[in-house]
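Chains A and B, in that order, give the protein sequences.
Position 71 of the first sequence, counted from 1, bears residue number 71 in my numbering, the numbering being contiguous throughout.
Each number in my numbering corresponds to the 1-based position in the second sequence with 1000 added.
These are computed hints drawn from the structure, not numbers from a lab.
Every value quoted in this text rests on a predicted model; they were computed, and no experiment measured them.
Yeah, the Cβ is synthetic: ideal placement off N, Cα and C, and Gly gets one too.
Treat the hints with care, as some may be off.
Unchecked claim - No more than 20 Å apart at the CA atoms, straight line, and that leaves these computed lysine to any residue pairs for SDA-like:
1. A:72 <-> B:1073
2. A:72 <-> B:1074
3. A:72 <-> B:1142
4. A:72 <-> B:1072
5. B:1007 <-> B:1073
6. B:1123 <-> A:60
7. A:72 <-> B:1071
8. B:1196 <-> B:1015
9. A:22 <-> A:99
10. A:72 <-> B:1015
Claimed, not checked - Every beta carbon over 12 Å from chain A, so not counted as near; a handful from chain B, in silico:
11. 1029
12. 1048
13. 1135
14. 1327
To be verified - Which bits of chain B does chain A cover? Going by a derived footprint, with three or more residues having C-beta under 8 Å, they are:
15. 1070 to 1077
16. 1082 to 1088
17. 1099 to 1110
18. 1363 to 1372
Here are the chains, one letter per residue:
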Amino acid sequence: MLARKTMETLTEAMFYVLMALKCNPMCGIEIASTIDILTDNRVNIGPATLYTVLARFEREGYISEIAVSGRKRTYQITEVGLEAYSEELERLKACLLDADKIERSGS
Amino acid sequence: MKKDLKKITAPCSYMDIEEFQSWLEDMSRQGYLLTKPGKMRNAYLFHRISPLKTRYRLTPVSDDLEDWNERPDTEKRSLAEAFGWDYVCTVGGFHIYRSYNDEDRELNSDPQVLAEYLRQLRKKALISALAVLISPVLYLFIVGFLVGPGHFWQYLIRNGLMLFVSFSLLFLFTTFKGIYRSVKLAKLFRLLNARKLPIYYKDWKKGEKRFHIQTAFTYTIGVLLIISFSFYRVSSQDRLRFREHPEDSRNLPFVTVLNLAEFSDSQSAKRLEAGGMVNWTQVFSDVNYEWTEIVDVVSSDGREGRFSIELSYHEINSDWLADRLTNEYLKEAESTGTPRENNFAADVDLAYFYTDHRGCPAAVIRYDNTVIQVCFVRSDFEDAYLNLNAWIDLTVNMRQ
């Protein structure tokens, strides 16, 4: 069900974009490449998805543009973005712990 | 170069994204590569090439309605190109990209992000459509409030009712378009909600027949509307045919019109030259004129003088509205407590004499969809009654 608001819970692509930017400020292509490496090509973020996410994050104040060089724009994560990333990380950790409990109970 | 271009009509709407992408991919396999949209609706220009396996993807331009026809900026294009996707063109709020390599990653990799983006787009389209839909109603409300309920229909009719109706139709069309887009996008939402992306859909031809029927129906309605409006002409020619009422007798002496002394009309110099009621034709709109005439008269007991006559003339493209306007005028008769008296000429649908709110003798004449209000605002004869039929004879004779 996709009724939830995307910015309340980050999608996988959004989470990885923030994760990549947490490492370093980078441009769109670098973000995509970093996600490829981080996920061992499990997550291949598409260019349209990437620029949609970047535009949305910039509008919501999760990231900010720090440099423009020709066709390349470099972004960095903001405090708001870091907070959102940490919250999502905690949520995912909690999910994993819950799943782990089930696995351990053998059901 | 131009010989290589071919115009082909799409078998589906671009809003049926899955089908549209699949059609473009099949066209590519047949040796037609999309170049740009044609000038006609649903027509697209293709470049003749050797058959080629190609992937096409449509992605929303922006969730901001102002940017619907915008080309992608250089950052977006370079990002897409870096992953093997070439920008082709923009159609109706969607960018079309093409990739020649099956190994290239999807343009939109996350159905959730795409769905969220489209949801914003749909929301704005619907709000905009609804705003457009209620604007004529608001307009009516404001006009009604400003001019007062008693004069509402008079005001509306005199100020271009058909223009108002035309704009309303335009508003309705825009609303319909917004709702149509939302309905079409609903199908895509179902796909995205199932965490699937719109990719090649082999059964895309299933909806082709329905689409052609819908298109033919839309065009037929459009053509019929244009034809109807083209033939719909309002003409005042040969309509003013009143007869002297044989029983129109009163105790007061009659005055008879001798000639038209002055003719005041600020709206139409043409009518001034013609000297009275003239022929005029207006298409797509109602005919509404108001003017004042001063006529030299002589009474049946030999006195000479002048009458000042105010006229409101309306030819209305609707029986219902003509009825409304007639009733508006007749309300004045009721407000002054004058018994309405329908004793006028035979060739009209109805005619009433009454005393208006200024105490002036007045009449409302109605035939077909024409409504005329006549007020005799100044008379040199307090005790005389104008021979209205004679006045009408004069105006009819003048225009012939």
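Q) Closest CB-CB distance from residue 1327 of chain B to chain A, is it above 12 Å? A) holds, 53 Å
Q.
Check the hint pairing residue 1196 of chain B with residue 1015 of chain B against an upper bound of 20 Å on the C-alpha distance.
A. holds, 17 Å
Q: Sort out whether residue 1071 of chain B lies within 20 Å of residue 72 of chain A, counting only the CA atoms.
A: Since the Cα atoms of residue 72 of chain A and residue 1071 of chain B sit roughly 17 Å apart, the hinted pair holds (cutoff 20 Å).
Q | Claimed clearance of chain A by residue 1048 of chain B, with the beta carbon kept past 12 Å | A | holds, 28 Å
**Q.** Restraint status (C-alpha distance of residue 72 of chain A to residue 1074 of chain B at most 20 Å)
**A.** This hinted pair holds, its Cα atoms lying about 9 Å apart.
Q.
Does residue 60 of chain A sit within 20 Å of residue 1123 of chain B, going by the straight-line distance between their CA atoms?
A. holds, 18 Å
Q) Checking the smallest CB distance to chain A, is residue 1135 of chain B really beyond 12 Å? A) holds, 29 Å
Q. Has the given pair, residue 1007 of chain B with residue 1073 of chain B, been kept, meaning a C-alpha gap of at most 20 Å?
A. The hint is violated at about 28 Å.
**Q.** 20 Å limit on alpha-carbon distance, applied to hinted pair residue 72 of chain A and residue 1015 of chain B
**A.** Violated, because 32 Å separates the two Cα atoms, which is more than 20 Å.
(Q) If we take the beta carbon of residue 1029 of chain B, is the closest beta carbon in chain A still more than 12 Å away? (A) holds, 23 Å
(Q) Against the 20 Å threshold, does the CA-CA distance of residue 72 of chain A and residue 1072 of chain B hold or violate the hint? (A) Between residue 72 of chain A and residue 1072 of chain B the Cα gap is close to 14 Å, so the pair holds against 20 Å.
Q) Has the region 1099 to 1110 of chain B got at least three residues whose CB is nearer than 8 Å to a CB belonging to chain A? A) holds (count 6)
Checked against the numbered hints given earlier, the structure breaks hints 3, 5, 9, 10, 18 and satisfies all the rest.
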